[in-house]
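Asker: If you want the building blocks of each chain, they are given just below.
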Amino acid sequence: MSEKIFRLVLHLYPSRFRQEYGDEALQLFRDRARDETGVWPSVRLWFDLLTDLVISLPREYGHTRFDVAGASAKACLDGTPTFFVFDTASPGRRPLLLGGLLSLITLVSFPTLMNEFGNFRPPSGWSFASPGTYQRQSGEPQRPASGSKQGVQSPRGADLTLDATSRHRIIASAIASIKQHHIDPLEAERAADALLAHERQGDDDSATSTEEFTRLATNQMREATGDRQLELLYSQRAIPERPSGPLPALPTAYRDEMRRVNCAFERVEVLPHNVGYLKLNAFPDTSVCQAAATAAMAKLNDADALIFDLRDNRGGFPSMVSLIAAYLFDHPEYMYCPLENTTAESWTHSPVPGNKLANKPVYILTSHRTISAAEEFTYDLKMLKRATIVGETTAGANHAANLHAIGDNFYVATVEVRAINPYSKHNWNDTGVEPDVEASPPDAINVALKLVGENLHVK
Amino acid sequence: MVDISIIDHIMPKQKLSPLPSAAFQILLALVGEDLHGYGIMRNVAQQTEGRMRLGPGTLYSSIRALLEEELIEEVDHPRAPSVKDERRRYYHLTSSGRKLARSEAERLADLLRVARAKNILRGDYV
Numbered sequence: 001m002s003e004k005i006f007r008l009v010l011h012l013y014p015s016r017f018r019q020e021y022g023d024e025a026l027q028l029f030r031d032r033a034r035d036e037t038g039v040w041p042s043v044r045l046w047f048d049l050l051t052d053l054v055i056s057l058p059r060e061y062g063h064t065r066f067d068v069a070g071a072s073a074k075a076c077l078d079g080t081p082t083f084f085v086f087d088t089a090s091p092g093r094r095p096l097l098l099g100g101l102l103s104l105i106t107l108v109s110f111p112t113l114m115n116e117f118g119n120f121r122p123p124s125g126w127s128f129a130s131p132g133t134y135q136r137q138s139g140e141p142q143r144p145a146s147g148s149k150q151g152v153q154s155p156r157g158a159d160l161t162l163d164a165t166s167r168h169r170i171i172a173s174a175i176a177s178i179k180q181h182h183i184d185p186l187e188a189e190r191a192a193d194a195l196l197a198h199e200r201q202g203d204d205d206s207a208t209s210t211e212e213f214t215r216l217a218t219n220q221m222r223e224a225t226g227d228r229q230l231e232l233l234y235s236q237r238a239i240p241e242r243p244s245g246p247l248p249a250l251p252t253a254y255r256d257e258m259r260r261v262n263c264a265f266e267r268v269e270v271l272p273h274n275v276g277y278l279k280l281n282a283f284p285d286t287s288v289c290q291a292a293a294t295a296a297m298a299k300l301n302d303a304d305a306l307i308f309d310l311r312d313n314r315g316g317f318p319s320m321v322s323l324i325a326a327y328l329f330d331h332p333e334y335m336y337c338p339l340e341n342t343t344a345e346s347w348t349h350s351p352v353p354g355n356k357l358a359n360k361p362v363y364i365l366t367s368h369r370t371i372s373a374a375e376e377f378t379y380d381l382k383m384l385k386r387a388t389i390v391g392e393t394t395a396g397a398n399h400a401a402n403l404h405a406i407g408d409n410f411y412v413a414t415v416e417v418r419a420i421n422p423y424s425k426h427n428w429n430d431t432g433v434e435p436d437v438e439a440s441p442p443d444a445i446n447v448a449l450k451l452v453g454e455n456l457h458v459k
Numbered sequence: 001m002v003d004i005s006i007i008d009h010i011m012p013k014q015k016l017s018p019l020p021s022a023a024f025q026i027l028l029a030l031v032g033e034d035l036h037g038y039g040i041m042r043n044v045a046q047q048t049e050g051r052m053r054l055g056p057g058t059l060y061s062s063i064r065a066l067l068e069e070e071l072i073e074e075v076d077h078p079r080a081p082s083v084k085d086e087r088r089r090y091y092h093l094t095s096s097g098r099k100l101a102r103s104e105a106e107r108l109a110d111l112l113r114v115a116r117a118k119n120i121l122r123g124d125y126v
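First to last, the protein sequences are chains A and B. For the first sequence, our numbering assigns the number 1 to the initial residue and increments by one for each residue that follows. For the second sequence, our numbering assigns the number 1 to the initial residue and increments by one for each residue that follows.
Keep in mind the hints are simulated off the structure, nothing from the lab. Warning: the hint list may mix true and false statements.
Which stretches of chain A does chain B cover? Using the computed rule of at least three CB atoms under 8 Å from a CB of chain B, they are [unchecked claim]:
(1) 14-26
(2) 221-228
Pairwise CB distance ranges, derived in the manner of DEER restraints [stated by the list, open to error]:
(3) Met52/B to Gln201/A: 46 to 56 Å
(4) Ala253/A to Arg107/B: 34 to 44 Å
(5) Glu33/B to Ser424/A: 28 to 38 Å
(6) Gln201/A to Arg107/B: 51 to 61 Å
(7) Leu102/A to Ile120/B: 39 to 49 Å
(8) Leu107/A to Met52/B: 18 to 28 Å
(9) Thr48/B to Leu107/A: 24 to 34 Å
(10) Glu33/B to Glu266/A: 26 to 36 Å
(11) Thr37/A to Arg51/B: 16 to 26 Å
This structure is a prediction, so every number in the text was calculated from the model and none was measured. For each residue, glycine too, the CB sits at the ideal point set by N, CA and C.
Generate the whole structure from the sequences, applying the supplied hints.
Answerer: The following block contains the structure:
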C-alpha cells in the first residue's frame, strides 16, 4: 500500500526525472520501508518524503523550465519558430487530480504537523549525551532563556506573556521537579520555599515575559541555596532529556572523526631544552583514543617539563582527563569531576609503569575557549598545585546539570550527582578557571617557555 | 515535441556554486567507497548523526548535478552482494570531486576559525 502511494507521489515529478531516477527512487523507498519498521520510523519516513517533495519538486520543475528555455533559443537560431512544452507529454487527468488532492492534504495537515513535530521529543537513546560525559545533548538547541547571563530568548518566546495563573503553574511544576531530582532534599526544600515566598510577596508580579521570569526565579533559587547550577529555563524548541542508564554506543562518525584527527592530539613534540609540548584539542573517549593518549605520553616521557596546550580544547570525557592526569602523579590522586558521583574511579591509576613525568613541572595554556572537560583538567591540577596555568580565564561551563521538562516549554536544571569538591562549594561553572599567570592566547606559549626556562635554570 | 537528445545537448548544467550542503555530504559519503543511492543516503545520515536524511528528490537531483559536473561518476560494482544489487547504479568520487570536497571543507574550517575567534561557540563543542 505504502509503495503504491509512493509510486503515485513519484508521478508529481517531471517525466525526465522519473525516466532517469524513478526506479532508483522507488528502490530507495523500498529499502527504507524495509529497514525502518515500527510506528515512529514509518512516521519519520513519510515526514521525510513529504518534506523532500515540498523542497525538491519546485527545483525539479524550475530546472526543467530552464532546459526548455535553452532549447527554444537554440531552435530559433535555426530559423524555425517552435512552441515547446515543459514535458514530453501533457499531464493526464490522474496526475492532475492526484496533485490537487495532495496539495489539499498538505495545506490542511501542514499546520497540524508543524505544531506536533515542533514539540516532538525523540525517543530516548537518540540523544548522544548521557551522564558521565561532558558532551551536550545532540538535540539541544542554543542556550535557552534562563537566569544566567548567557540566556537567549527565542523570538516566539519573547512574545509569550505570563500572567499570575501561568506563573503559579510553572512554579508548582518547578518545585515538583526540583524535589524529585535534586540530589540534596534540604536544598530542594529551600529552593521551593524561596519560590513560594517570593510569589506570595508579589515579587514576580512584574515578570510577564519568559526571560524576566526565568531570570527572577533562578536568582531566587540560587540565593536561597547557593547552588549556582540550579536554574529555570525556557526554550521554544523541545530539549530531549539525557537518557538514564548505560552510555549509548559512540556513533561511528565520532570514531571515524577521532581516527582522522589523531584523537585531537594535534601536536606532540619535544621542544628545545627538552620541553615536552602537547597540543590537545579535546579529551576524547578512552574507548576510542586510549592508544593515542598512551603513545603521546610515551613520546614525552623523557622531557624535563611539560606544556599542555589547551587553548583550543573543546572538552570531552572525564575518563581521558583521568587517564592523562595519571602520568602526573606517583600515587593515586583524586580528580574532582562534577559530572560523576565520587567513587573509587575518581582517583587516577597512578603510578603508571615506566612513567618518568610524575615529578616534572607542568604548565597548562588556556584561553577563554578552553571549556568543560578541559576546565576539569585545569581546575584539578591547579587546585592540587600540580600545574601552573598560563593564559586567560577559561570559558566557565561544566555541563553538569540535567534539564527536566516541567511543561509549557519550561525546564529546570538540577545537578543529580554527589561529587565531592574538596576545594570549595563552587567549581568553575560560570566563573571559569583563572590563570596563575595572565597572558593573551598568542603569547601564552612564549610566557610558559620563559617560565620553564627560569624554573629549570633555578634547579 | 522536442527531441530529448537536443535538450540534453544544450541543457545548461545545474549550478553547484556555492556547493549545496546535500551535494557536499554526498561527496563526503563517497570518500573511500563506491555506493548506490540508498548507501549514500545511509552514509549521509550516519555522518550527520541523523540530522540529514536525504529524500529521493533531493538525493537524485543532487546526484544528477554532481554527475553533470563530473564530480562523481557511475561505475559498475564488481562485487555486488546480490543480483538485486547488481541492478543498482553505483557512484564513484572523481578526483575533481575529491578536490572540490577538500576545498569546501577548508572553506568551512576557515569559517569555523572565524566563529571560534568571535567566541560564538561557547558551550557548543564536540
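Asker: Each hint needs a verdict: does it hold in this structure or not?
Answerer: Tested hints:
no. : hint                             : result
1   : 14-26                            : holds (count 6)
2   : 221-228                          : violated (count 0)
3   : Met52/B to Gln201/A: 46 to 56 Å  : holds, 50 Å
4   : Ala253/A to Arg107/B: 34 to 44 Å : violated, 21 Å
5   : Glu33/B to Ser424/A: 28 to 38 Å  : violated, 52 Å
6   : Gln201/A to Arg107/B: 51 to 61 Å : holds, 56 Å
7   : Leu102/A to Ile120/B: 39 to 49 Å : holds, 41 Å
8   : Leu107/A to Met52/B: 18 to 28 Å  : holds, 26 Å
9   : Thr48/B to Leu107/A: 24 to 34 Å  : holds, 30 Å
10  : Glu33/B to Glu266/A: 26 to 36 Å  : holds, 27 Å
11  : Thr37/A to Arg51/B: 16 to 26 Å   : holds, 22 Å
Hints 2, 4 and 5, counting from the list given before, are not met by this structure.
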